[in-house]
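Assemble the whole structure, with the sequences as input and the hints as a guide.
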Amino acid sequence: MTEAHAGGPQPWADAGLAAALFAIDPHGLGGVALRARHGPVREVWLAGLRAALPPDAPLRRLPPATEDARLLGGLDLVATLDRGRPVASRGLMAECDGGTLVLTMAERTGEGLAARLAAALDTGAVRSERDGLSQTSTARFGLVALDEGAEAEERPPEALLDRLAFRLDLDAVSRGEAVPLPYRCEDVLRARDALAAHAPPDEALEALTKTAAMLGIVSLRAPLLALRATAALSALLGPGITAGEATEIAARLVFAPRATRLPSAEPEADPDPPAEPPVPEHDAETQGEPTNAPLADRVLEAAEAAIPAGLLERLAAAGQRRRGEHGRAGAERDAFDRGRPLPSRPGPLNAGRRVDVVATLRAAAPWQALRQAHGGAASRAVRLRASDLRLRRYRRHSASATVFAVDASGSTAAARLAEAKGAVELLLAEAYVRRDLVALVAFRGTTAEVLLPPTGAPALARRRLAALPGGGGTPLALGLEAAAGLATKLSARGTDTQIVLLTDGRANIDRAGQPGRTAASDDALASARACRARGHGALVIDTGARPRPEAAALAEAMGARYLALPRADAGVISAAAVAARTQ
Amino acid sequence: MRPAFPFTAIVGQAEIKRALTIAAVDPSVGGVLAFGDRGTGKSTAVRALAALLPEIEVVAGCPYNSQLGEGADLCAACAAPEPETAQVPTPVVDLPLGATEDRVIGALDIERALTQGEKAFEPGLLASAHRGFLYIDEVNLLEDHLVDLLLDVAASGENVVEREGLSIRHPARFVIVGSGNPEEGELRPQLLDRFGLSVEVTTPTTVADRIEVVRRRDAFERDPAAFQARWAEAEADLRAGILAARAALDVTAVPDAFLETAAGLCVALGTDGLRGELTVMRAARAAAALDGRPEATEADLRSVAPMALGHRMRRDPLDETGSAARLERAISEVLG
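Line by line, the protein sequences give chains A and B.
Using my numbering, the first residue of the first sequence is number 132, and each one after it goes up by one.
Using my numbering, the first residue of the second sequence is number 13, and each one after it goes up by one.
Don't read these hints as lab results, they were simulated from the structure.
Quick reminder that beta carbons are idealized off the backbone N, C-alpha and C, glycines included.
Please note that the accuracy of each hint is not assured.
Said to hold, decoys possible - Covered stretches of chain B (chain A as the covering partner; in silico rule of three or more C-beta atoms under 8 Å from a C-beta of chain A): (1) 105–111; (2) 119–130; (3) 189–195; (4) 218–227; (5) 303–316.
Stated by the list, open to error - Here are some, though not all, of the chain B residues that point toward chain A, as calculated from beta-carbon distances under 10 Å: (6) D49; (7) R50; (8) G51; (9) G53; (10) S55; (11) T56; (12) R59; (13) T102; (14) R115; (15) E134; (16) G136; (17) L137; (18) S140; (19) E212; (20) D230; (21) E233.
Unchecked claim - A short, non-exhaustive set of chain A residues, derived as facing chain B with CB atoms under 7 Å: (22) D199; (23) R201; (24) R247; (25) D293; (26) A344; (27) L358; (28) L492.
This is how it looks when you write it as structure tokens:
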């Protein structure tokens with residue numbers, strides 16, 4: 132093994148190796164998620180990748196807002212008009228067959244685009260059923276996702292990351308470290324030829340799969356990708372590296388960024404532990420067990436060594452990152468769905484209107500014979516008149532969101548936290564029917580916490596809510612501020628937002644986190660008025676054992692509907708929530 | 013398109029395999045929904061199903077997959093005085109994301125309109141899926157109006173097109189199969205219970221199973237043809253089993269006692285309407301037929317109830333128990 136590949140984490144060396152491996156087997160390895168700011172380090176890496184890729188292989192850039200017509204292909208308007216018969220355009224993914232697609236600003240990729248890319252990565256083909264045309268094209272490309280996310284939660288969708296073998300983080304690499312990448316196109320082409328002869332042995336497969344399981348990597352794509360990385364490594368480094376060493380490096384590259392836990396403290400040093408349940412029907416295949424146990428250990432060590440410090444801290448954040456992803460995904464729906472399409476209508480082509488090409492051609496089609504006969508020069512293949520123009524229309528479904536702020540303090544917990552949860556669940560069920568976004572804020576003790584940023588998956592909210600413990604003081608002001616902050620962000624994105632506050636109204640922790648009933652109440656009322664000033668629709672559900680004036684006063688300050696839970700049966704609560712939204 | 017991974021070579025995943033085979037035996041169970049995490053092989057299972065389905069007889073060249081005499085006035089092939097028939101594989105049509113409505117339901121044939129000035133209907137994916145399966149991966153990402161439209165057609169068995177001066181109505185009976193990842197947004201409940209069966213797909217948890225999954229996938233990718241050949245016998249056996257079960261469906265009895273227990277279970281679970289009971293009955297009958305038994309038993313009820321009823325239970329906001337646990341409880345209460 133060369134020095135560059137040994138030892139602990141060496142981000143730049145690994146990044147160079149990943150670029151070469153990707154160039155060897157772009158489609159097999161899925162791709163690379165490159166987290167780095169726009170800058171010289173990233174440019175050096177990209178230049179190195181271009182130098183490693185065969186010059187004749189296609190390389191295309193794909194911005195995250197690319198429309199389906201360009202991504203999947205469809206009717207080619209210019210050619211269709213020119214030739215007088217429908218001509219298909221191939222779409223970006225099909226054009227990239229055998230090459231590399233570079234997804235820019237990958238952290239802003241919506242679920243729709245991610246799912247389309249994922250389908251092509253899985254099947255090696257693109258199916259397009261658009262504009263009256265049906266096409267299937269091979270699209271065996273590799274994806275380089277340029278992730279410029281600044282915050283931990285800004286990152287490409289998990290559906291995409293899961294399919295890319297490598298995740299590189301170059302933000303920690305300094306400009307001085309970023310020397311030109313070592314592998315050239317000749318090395319890559321030689322390795323491509325050798326790839327078939329370097330299938331990893333079965334023990335590598337077992338070692339990789341076990342290692343992935345021990346690191347808490349659930350998706351089985353990870354060991355498969357690591358296996359292909361092993362083959363590419365052996366093909367690249369030839370006789371200079373044993374199959375075992377290739378497996379270790381592959382594990383380090385593919386597994387380290389995916390690990391969700393460290394393996395248990397006591398490694399199974401015992402060669403024949405009943406670690407896995409005995410599976411009789413696999414007897415024949417598991418006979419190689421004793422010899423591969425050491426490889427599995429070594430592979431695990433290699434992956435572990437590359438796992439960055441502070442893994443556990445990162446893991447705590449991982450849940451948040453995932454949640455962040457949902458929130459962002461919900462907000463970015465716009466790129467692909469512009470509401471429910473309505474039938475196209477004739478009309479003048481003003482700025483901002485989009486022509487429905489197919490409908491326009493269809494409108495023109497029946498008249499062609501007539502127009503050809505009567506229209507002098509036969510230079511134009513299709514004769515379009517202004518009256519043929521058909522314009523796209525959409526009915527935009529105005530998104531709406533509900534921010535739930537749940538008082539989980541001791542007084543509420545004692546009285547009826549369970550019922551408050553039930554009421555929220557009922558509203559969640561409704562949000563689910565309407566595909567609304569929901570967000571969840573809980574406050575207790577001295578803090579308010581965003582349990583769930585805006586998401587389109589109310590089941591997550593339900594789960595988080597079920598796990599919510601009760602007890603402690605009532606920082607009502609903080610809870611309201613947190614909810615209002617979320618609501619304001621949502622409104623800024625054009626979402627109708629309402630706040631549903633569940634509390635008994637008995638604040639006893641002020642805005643600064645200090646106990647004191649009077650200051651706490653004043654702060655809560657001030658927050659409530661601020662909330663009203665921002666114009667959010669609101670509903671206050673009094674969760675006290677019996678209705679209290681505090682909660683009613685709070686509702687008034689918020690300009691909210693007030694509902695006392697004791698009398699609030701299921702129907703009343705949902706009717707009130709609907710009313711609050713439509714106010 | 014790469015060749016499909018053999019259905020029988022899928023490790024574990026008993027639930028989704030069972031649900032798909034049941035739908036293959038009796039399409040009237042009304043569709044299958046598979047929800048689960050990433051990389052669990054949902055779409056692998058659905059795409060593998062195609063290889064197991066027997067051939068169907070169609071009028072040669074008919075774009076609607078018509079049986080002889082079924083669509084006499086729809087296409088030139090069927091309208092011929094003596095239409096020829098052909099054996100074709102049962103269609104399994106993949107509905108890709110980004111499909112436009114004109115391709116799904118069919119529209120004016122623009123090529124013929126432009127080049128020949130003829131107003132002709134070009135059938136869409138719904139016509140191609142007639143008498144087969146229509147598969148939607150990432151069903152939760154498909155636009156709502158398309159999902160509504162698909163479920164309407166799947167329920168009525170007929171596609172009605174009124175657009176661009178065309179007025180067409182053609183049969184479109186297919187089993188709708190959807191898959192998705194619940195983390196990427198859930199399906200609206202009113203769509204949920206329009207699928208006959210619903211299963212949750214999870215990644216195998218034992219290391220031995222996981223290794224086997226990776227090993228088979230790797231072997232398949234290295235040499236798809238050899239891998240398929242290795243599983244050809246198992247595939248043929250299952251295909252024969254499905255055919256035999258179809259033939260036996262009419263003579264597989266569903267005793268009154270079974271129906272009573274099934275009704276009791278539905279009441280205990282608070283599933284609305286008769287669809288739940290009907291689906292349980294049909295699924296249990298298909299399961300019994302697959303196992304070569306003359307009548308559906310309580311064991312069949314136990315095995316199909318989760319997939320047939322789990323997604324139909326009324327949600328009780330004040331009940332913290334998950335649906336699986338509630339189902340289990342109800343089954344043990346009703347069946348003892």
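Status of the hints after comparison with the structure:
1. 105–111: Since 6 is at least three, the answer is holds.
2. 119–130: Coverage by chain A holds here, the residue count being 9 at a Cβ distance below 8 Å.
3. 189–195: holds (count 3)
4. 218–227: holds (count 10)
5. 303–316: Violated, because only 0 residues of the segment 303–316 of chain B bring their Cβ atoms closer than 8 Å to Cβ atoms of chain A.
6. D49: Hint on B:D49: holds, closest Cβ of chain A at ~7 Å, below 10 Å.
7. R50: holds, 5 Å
8. G51: With a closest approach of 4 Å, the B:G51 hint holds.
9. G53: Holds, about 8 Å.
10. S55: Holds - the Cβ of B:S55 comes within 10 Å of chain A, reaching about 7 Å at its closest.
11. T56: Interface hint status for B:T56: holds (9 Å vs cutoff 10 Å).
12. R59: It holds, given that the least Cβ distance between B:R59 and chain A is near 9 Å, below 10 Å.
13. T102: violated, 19 Å
14. R115: Result: holds, 4 Å to nearest chain A Cβ.
15. E134: Since chain A brings a Cβ to about 7 Å from B:E134, closer than 10 Å, the hint holds.
16. G136: holds, 8 Å
17. L137: With a minimum Cβ separation of about 6 Å from chain A (threshold 10 Å), the hint on B:L137 holds.
18. S140: This hint holds: B:S140 lies near chain A, its Cβ roughly 9 Å from the closest one there, short of 10 Å.
19. E212: violated, 12 Å
20. D230: holds, 6 Å
21. E233: holds, 8 Å
22. D199: It holds, given that the least Cβ distance between A:D199 and chain B is near 4 Å, below 7 Å.
23. R201: Hint on A:R201: violated, closest Cβ of chain B at ~11 Å, above 7 Å.
24. R247: holds, 5 Å
25. D293: holds, 5 Å
26. A344: holds, 5 Å
27. L358: holds, 6 Å
28. L492: Holds, because the Cβ-Cβ distance from A:L492 to chain B comes to roughly 6 Å (cut-off 7 Å).
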